[in-house]
Amino acid sequence: MSDSITPPSTIDVKTPHSESPPKFALLELSHISKYFGNVTALEDISTHVDAGAVTCVLGDNGAGKSTFIKILSGVHQQSTGDYLIDGTPVHFSSPRDARLAGIATVFQDLAMSPLLSVWRNFFMGSEAMVGPFLKANFMRNTAKSEMKKMGIDVRDIDQPVGTMSGGERQSVAIARAVYFGARVLILDEPTAALGVRQSGVVLKYVRAAADRGLGVIFITHNPHHAYPVGDRFMLLNRGHSLGDFAKSEITRDELTRLMAGGAELEALQHELSQSR
Amino acid sequence: MSVVVEASDAEAPKPIASDERLGHRGPIRRLLISPEIGALTGAILVWLLFWSVGDQFGTAAGFGNSLDAAAPIGIMAVAIALLMIGGEFDLSSGAMTGASAVMVALMTTSWLKDGSNIWLAVTASFIACAGIGWWNGTMVNKTGLPSFIVTLGTFFVLKGAKLVFAKRLVGKVLIGPTDKAGGFKSLANIFVKIRKYQPFDGRDKIFVIGAIVAVAVLIFGLLEQSFIRRRTARSASLPIAAAGAAAAAVGFIMLLNTNGVGNNILWATVCLVGVIALIVGFARWRYVTVERTTLVTSPEVLKRLGIGCVLFVLGIVAAYVISRHDKTVILTFLPSGLRVVVAIAAGLIGAALAGRTLVRTLKAKFVILAAVRGSIMVLATALVMSVTVLAALELATIRALRAGLFVSLCILGLLRLLSARSAALKVSSAFGLAVGLLTSVAVIVFALVVRATSHVHRFRSGLLCALLLGAAFLAANAFLESYNLKRTVADPSADTWGRRATIGGAALGVSAMLFRLLYSGQGFRTWVIWWIIITIIGGIVLNRTKVGNWIYAVGGNKDAARAIGVPVDRVKVGMFVTVALAGWFVGTITLLQLKTVQASQGDGQEFVFIIAAVVGGNLLTGGYGSIIGASLGALILAMVSQGVPLALWNTDGQFIFQGALLLAAVLVNNFIRRKAQEAR
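Protein chains in written order, with my numbering: chain A, 1 to 276; chain B, 1 to 680.
Keep in mind that the hints were calculated from the coordinates and are not lab data. The reader is advised that the hints may include incorrect statements.
[To be verified] Once the Cα atoms are required to be at most 20 Å apart in a straight line, the calculated DMTMM-like pairs of lysine to aspartate or glutamate come out as:
| no. | chain 1 | residue 1 | chain 2 | residue 2 |
| --- | --- | --- | --- | --- |
| 1 | A | 247 | A | 231 |
| 2 | A | 70 | B | 603 |
| 3 | A | 204 | A | 50 |
| 4 | B | 486 | B | 291 |
| 5 | B | 546 | A | 231 |
| 6 | B | 167 | B | 603 |
These figures come from a predicted structure and were not determined experimentally.
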């Protein structure tokens with residue numbers, strides 16, 4: 001995957017990495033801890049994501065989600081523990097290293113230029129060229145068909161990204177990451193700022209990305225968004241893991257309860273019903 | 001979910017040129033949302049303004065002078081536009097042009113002495129300018145300060161350095177002459193030599209043929225983009241087109257070969273009617289037509305139509321009733337009692353206008369502060385209105401009043417009629433046709449009245465022809481829109497060909513015009529060619545290369561661009577160096593033209609460049625803009641600077657003009673950008 005960052009010269013359908021049955025998880029974190037001086041940000045976190053699967057990382061504010069993302073995307077390095085890709089430990093010293101290894105992070109602020117057209121944003125920084133000139137039509141068509149593969153049908157590929165809704169912009173960022181050779185897609189709260197319908201749209205794209213053979217790590221604080229798309233659920237609370245479950249091991253209600261602080265929420269509910 | 005993916009995987013990615021949900025945007029609408037449109041309309045309006053008030057303006061000589069003046073501004077505006085789209089500013093660009101000229105002049109006069117080669121000086125100044133550009137860019141990157149501050153600093157340093165070095169080395173602020181230096185001639189030949197072609201007799205014929213072909217191709221392109229192609233051509237309409245073509249040809253040939261007003265009118269009519277028949281017949285043959293409808297009217301449209309007619313007739317009446325020779329100033333003509341009444345009336349109208357908004361805000365929320373502020377606003381508006389009206393009366397003569405009333409009432413009437421026409425088309429196509437033809441007749445009447453009552457020659461000839469042609473196309477358009485079905489969905493192949501034909505036609509028209517200018521015996525400086533080349537290169541770089549995409553990206557969202565792997569810092573330094581090198585180029589050619597430069601050369605010019613770029617539709621905050629627009633902006637400024645003296649106005653007034661232009665352009669551009677985003 002050393003050439004994974006360069007766009008394929010022909011628009012071929014991406015073959016999922018499923019020719020040989022995976023012996024190892026695509027990406028695995030084993031007993032990861034992160035300390036900032038005497039502050040413990042993460043303690044003993046383990047989870048994994050397989051190709052074609054979605055691992056959801058749930059946590060409330062301050063649970064350590066940001067640190068988790070930053071370790072995955074190469075911004076920070078773990079203090080202890082192993083970060084494995086295809087079973088081999090890796091060490092990223094910069095986000096660029098992570099990108100080269102096929103780990104693409106779609107941050108909340110999305111890295112888009114609002115007045116530029118969809119296709120220019122899609123290829124920003126990795127333009128397709130013939131000699132000194134842009135292959136404008138190739139890029140238009142590719143952007144459109146790549147987005148279509150994700151199930152996103154863009155009306156007008158020349159429209160400025162700024163005119164799109166938040167969900168559509170998320171989807172452009174996801175499709176871009178997928179096209180430029182990402183194997184693992186890390187999504188940082190993609191539904192946080194969206195309405196109900198738009199969230200649904202984005203969740204559809206998350207699933208579509210996984211169905212195309214990517215491993216997706218979906219970070220959110222909303223169990224109702226996580227449960228329908230996730231295959232694995234890892235819950236974070238105050239830097240500790242509350243557990244790492246396969247979908248079969250946990251129901252939506254349990255997930256919600258764990259997520260909301262379990263007993264605390266019940267106590268709160270009780271208190272509220274009392275005061276009413 | 002997987003169903004969706006499979007379905008789209010299965011089909012091979014084929015060129016996707018359109019989408020059925022995407023409303024078809026007609027050619028006119030597409031033109032209206034391009035960033036250059038503000039500059040293009042501005043250029044045409046400014047040209048028309050000066051054409052109607054100045055005798056020299058609008059001739060080949062006048063246009064040549066405008067181009068000469070525009071070239072240096074335009075070259076800088078192109079570079080500044082790139083920088084502005086990249087989200088930065090360069091206030092040192094004006095001083096940079098001066099610095100380049102001063103450097104070359106100082107080196108040739110004091111160090112290299114006579115006989116030494118000027119190329120050496122020019123090369124040295126190239127390196128120095130690139131260095132200053134690099135410094136600007138690097139400082140902006142390293143310090144994170146706004147480029148406004150950094151380049152303002154550079155501006156003052158350069159301004160001072162020019163003076164210091166000029167006084168130190170040659171003891172005065174006037175440096176030169178430099179034309180004794182070796183290589184000066186050859187350099188001047190490349191950049192500033194006046195090129196002049198012998199007047200060529202056949203130029204008018206070639207121009208006319210070129211223009212006719214251009215208009216035909218252009219109209220074909222527009223038709224192709226607007227209407228639905230028939231599956232089987234309807235040959236019954238072909239004779240109409242053929243007869244029209246024949247009539248047009250005969251009329252045109254006879255028009256050229258006969259003399260006398262009667263003959264001219266006769267053959268012009270034959271020619272224009274022929275053209276209309278040709279277009280309409282062609283369209284009926286090639287495109288899908290509407291079934292015949294009966295004439296259905298609506299009272300609302302009839303009302304609009306009535307208002308239009310009344311306004312138009314009032315305008316015509318005003319043209320005949322009010323004397324066109326009377327130069328009496330209106331204020332002296334009015335008795336003093338009436339003046340007071342007029343002033344008070346104007347004040348009351350102003351107060352009423354401001355009062356309306358006041359009432360609206362107060363209704364929403366009554367606050368003392370808002371009430372006080374609103375009252376002050378009402379008073380101020382009233383005062384401004386009455387003073388303005390009095391000042392206008394003070395200046396205006398009876399003659400001007402007549403012209404003003406005539407033109408404004410007629411144009412208002414025509415606009416009303418046009419809006420009535422589009423409303424009528426929605427009611428029934430026959431009604432639309434009737435109103436359209438009425439509008440066309442009104443334009444003809446207007447043209448004839450202008451001809452009968454105007455004493456300016458160019459109004460009697462040029463404007464008359466233009467108006468008659470306009471009337472013919474209005475009539476043709478009325479027929480087309482009521483006979484043919486307008487396309488509402490995109491049709492990729494028709495759109496592609498239509499667009500190519502439109503662009504080709506426009507290009508052909510412009511080249512025919514340029515050809516005629518070129519062989520009219522009027523010279524122009526070689527730098528005009530350089531300007532055009534640089535504009536083309538700038539446009540290609542911006543829209544067709546990777547660097548251009550990066551410039552857009554950096555201007556649109558710097559952090560996003562960096563996150564995605566665009567070398568933001570290098571792009572910025574590159575843009576500043578480009579501006580500095582453009583400054584080097586313009587400074588050098590200015591020196592070649594002037595031979596002697598002032599140490600203050602170029603100071604303050606940066607605002608002219610920035611105005612040109614902004615007028616051209618470039619967004620001050622970056623991420624959006626146009627190179628061709630910037631060049632057009634430069635042309636507008638040059639036309640203003642040439643046109644104001646030719647119109648015998650106060651030449652100091654051109655700054656007022658430029659300032660007003662800047663404001664108007666920004667407003668128009670904001671409006672367009674909003675429309676552009678809505679339209680999508």
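Evaluation of the provided hints:
{"no.": "1", "hint": "A:247 to A:231", "result": "5 Å, holds"}
{"no.": "2", "hint": "A:70 to B:603", "result": "50 Å, violated"}
{"no.": "3", "hint": "A:204 to A:50", "result": "19 Å, holds"}
{"no.": "4", "hint": "B:486 to B:291", "result": "13 Å, holds"}
{"no.": "5", "hint": "B:546 to A:231", "result": "40 Å, violated"}
{"no.": "6", "hint": "B:167 to B:603", "result": "17 Å, holds"}
Comparing the model with each earlier hint shows violations of hints 2 and 5; every other hint is respected.
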